[in-house]
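Peer 1: Residue numbers (this note's numbering), protein chains in the order written: chain A, 1 to 826; chain B, 1 to 250.
Taking lysine to any residue pairs in the SDA-like style, the calculated list, with each CA pair at most 25 Å apart, reads:
1) B:Lys121 with A:Arg750
2) A:Lys665 with A:Arg110
3) A:Lys599 with A:Pro547
4) A:Lys758 with A:Ala789
5) A:Lys599 with A:Ser615
6) B:Lys121 with A:Gln751
7) A:Lys758 with A:Pro745
8) A:Lys817 with B:Val14
9) A:Lys817 with B:Phe93
10) A:Lys817 with B:Ser7
11) A:Lys817 with B:Glu63
12) A:Lys817 with B:Thr22
13) A:Lys817 with B:Arg9
14) A:Lys817 with B:His23
15) A:Lys817 with B:Met60
16) A:Lys688 with A:Ser634
17) A:Lys758 with A:Ala793
18) A:Lys817 with B:Ser95
19) B:Lys121 with A:Pro745
20) A:Lys817 with B:Thr12
21) A:Lys817 with B:Gly10
22) A:Lys569 with A:Lys688
23) A:Lys758 with B:Thr103
Please keep in mind that the hints were generated in silico from the structure rather than gathered at the bench.
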Amino acid sequence: MFTMKDLSTALYALSKAKGYALTVILTLGLTLGSLIAMFNLNYQILQAPLPYAEEDKLVVGSTAWLDKDGAVMYQRLLPVSIFRQHYPTPSELLTDHALFSFSYIGMTLRDLPHSPQVQIAYTTPGYMRMYQMPLLHGRAFSAEEDVGSQQPVAVLSEKIWREHYNADPALLGRSVHIGNQQFKVVGIASAEFIEPRLTGPGRSNDIWLPWDFSIGSSFVAGDVSGAHLYLAKLKDASQRPAFEQQLRPQVASQYQHDIATLPSQAGRSLIFNAEPLRLILEGDSRNRTLWMLAGSLLLLLIAAANITNLLLSRAARQQRSMSIQAALGAQRHHLLGQVLAELSWLILTALLLAFIVAEGAYHLLQLYAGAMLPRLAELGFDWPVLAFAVAVSLLLALAFATLISRQINYRALQQSLQSSGKGSGVQISSRTRQVLIGAQVMLAAMLLICSAQVLLQSLQQLRQQVGFASADRYQIPVDNITATPDDSLPPEQRRTLYRQQKDELMQVRDILQQHPAVAAVSVSNYPPVSFDGYYGSASFIASPDSPNQQLFSRAVFTDQFYLPLFDIKLVQGRNFTAQEVATQAQVIIINQVLAQQLKPDGNVLGERLYTTNGSLAFEIIGISANHHLPDVWSAEETGRSYLARNIGTTASLQLQLKPGMQIDKTAINQAMAQVSPHYRAADIHSIKDNVNRVLLSNYLAAAVTTSLVVLSFLLAAIGIYGVLSYSVQLRRFELGVRMAIGARPGTILRQLLGENLKPVGAGLALAALLLVALWLGLQHSAFVVEVSAGGFALPLALIVLLTVLTSLLSVWGIIRKPAIYALQGQ
Amino acid sequence: MQQQKISMRGITKVFATDEMETHALRGIDLDIFAGDFVSICGPSGCGKSTLLSLLGLLDMPTEGSYQIEGQEVSGLSLSEAAFIRNEKIGFIFQSFNLIDELTVFDNIALPLRYRRQTMAKTEINERVMACLKTVDMSHRAGHRPNQLSGGQQQRIAIARALVGSPALLLVDEPTGNLDSKNGDAVMDMLSELNNNGTTLCMVTHDPRYADMAKRKLHLLDGRILDADGTPLSSQAAQTQQAPLRQAAGQ
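The shape of chain A in the complex, shown without the other chains:
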């Protein structure tokens, strides 16, 4: 194809055309790098083997909770008591199984003076077997520590062991203090353990405790929980449907039996599902990452169109040297060999750059998208990715070489020296140029319009006020080891015990209120947005006569300081009084959404809401403004309720600090210690960070699409300018002739614009057609596409403006000088 001599000649030639070489390498390297990164991301999520043996046999069991009308209320819940009963006698279709749960309240290592917050997983020995947890020291859970054994043992992550226990091997056999229990450390899990992120990519666990100690392990019949899963390993991957069919009737009938005495649950049902582990880990990331792959592919195509233009221009510039070589006897393949040698240098260098860019992209993804996309930690060099990168590079090289070889007219080259410039063997046909411009505009327009749509939506969300104040506000989850009131106690006695906890926390609140850095404090179960994304919930009925019409709400159990602290506006009515909080009065504040669910006009002040069993009635005393912060649970604002009642197991202090002031955990813990040794501050989370975490997907979407918009616009600008400029250079003499016979600068510009806008118009029309087809296609899919006219019109206007500007720029050098310069080729 080409010789070493060709390669060295090509290297020398490129060193003399540094600008050209740099443009090609940068354009191709950046776009190919982003494509490689996106391919790797999709490969990791969708195709790469999971780091567990026989991964296809691993399934995650949970149930869908169906309402009376058959509508799915929630996915992936577990009727804990049913599976606790079922656990000792697993299906004969399984080789292993485990129960799994996780902490969703503040937990700290109480044996350490600074009581660091930790994330805890509760599980059974099967978990460590199925996912082959490698142990740095000690052992995994044994059969003696299985369900019902109540053995207080713990396996710590290597990270926690190193960070908080100085990697002391003697920790093995010693105890750590978590909650109100001492746990004997039996193992240190190696950092090599790639934990299956069963509860989302953002959550990793620090400590594994036996399932018996999980919150909800003592749930009674009829309770369902979103914090529990049933993990299993099938004997044969193909038996997954059979396993589902086997358990479905058992779970369904047991559930009906369990709720038989609960009128509020009547008619509801459960469907057991055993989903492949890969599907659970993948979550909803597939759409997002596939869009990112499509975007980067489009970018590469735009870049390829650019590079084609550049290569063709270069071939045209080399016409004279090619003519001389042809006259001296060079064959077609000699000439093509030179072109290919240059191309090889360029693509090889661009490929190396692309790998560096891809590495950078992995780093950025791990830094900023770790909470949103799964398996990012596994991103890195992979043979399939290398094969993909090489294949794409070869494909590009082949495409470029084919195109160039078609443009080299060997016969014309041979004659061009004799004909003293009457024609060129490498003049790129007007048709080719127009097709290139059209293709480039089409690709750029598609990418710009798609990106602009996403960008505008993200910006709209980011610009919107969330509906509550977050600056200088902090959430302090409370690690509470007060014994949970026993379910066997009478309700009134349980309420009294919970009341005592709330009173104690209100005392802590009042002490903290005296701290010089503190502006305001409130006690509640959750802030408007929690660090872990969880929230409390409560369902109500409008009337005891219609128990089937339940109204769901995100519930905040709090005091009179909560709404003012977060600056949550009341559109009607009033806040709680101190008296109402002290007496746990049956009053409620609801948001506008909930009010409108009760009555379309939302005027519900003074009306009542009832608990689902009708036993308690709450008078509506206020209506708060809606929040505007869609999260993973709900894309739209849901009903919200605020009650002056007991807080329950999950408690947080909400702090508003004075501007510029800070507070540390020690000060808070001192305040807590004055009231009770049961309380510790788990951590201090900024509400602003909590909000930003929820908005992260919007920030990420805005950042990615802004980069896409800028890159594609830049590439389109370079590409279109390149083609137009080259085209003008070829026509310089012709334009000179036109000027000589009276064409004014404006006339030349108008003529060029008219000519250039034709392929641009064709490209835009084609892009519009393809986008309409795409939009129609998406109407039949699960995608929700909101199309904004601005996101459509703006990119089109930008491309037309770009064409006008690049046309002007490309011809400016000719029309701003007297005609003689163009005629003389200057």
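Following the hints, put chain B in place on chain A, whose structure we already have.
Peer 2: Then chain B, alone, in the frame of chain A:
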């Protein structure tokens, strides 16, 4: 008194680069009258082409005054110069400079389409066909330039130069790319045009064709020479050129 078409006084043209200045024309004084046929001769690099470029407003002088039919044109903007060029000057190039993508008809019609006032289609049609007839190429109106011989292409170029009824026809080595037969034919055609009243100014190397002009100007080192080879002064240009014109039978 004959109508003065062109008047140049003290025209200089200096091409400057970072390192040096090249004086292409040094104080040219030149008058061309209606019906003139002036040939400009001189060795390579003497400034012939530069002078022709200035005459055709393809370039602007560094200094001096240039009037076409009494209108000062030396300081015009590019756009104004283009209008003047379009309406008052016709060009005939050595290498024809027809536009390959356009038909013969469209090539000839091009200057009319660049007019300040949009010209009616019928008028364009009439004028183009008349010019085609003048150069005896009516039968080739729909052809492309690359379907014509060199001589035919130059005839089309002449037609294009004539179509706007210019005050002055500037001709740059019209026979340079033609064989002697075609060259003679083109020169006959130019002579005939001149005899019919068209004013011509021609640059040529060929003494035979230069002699066909009514007036011959010799250029050397950017200056016009008189008959004994002395550069003409500004005043002398007036006095020396009048007898030449008379001698040529004006």
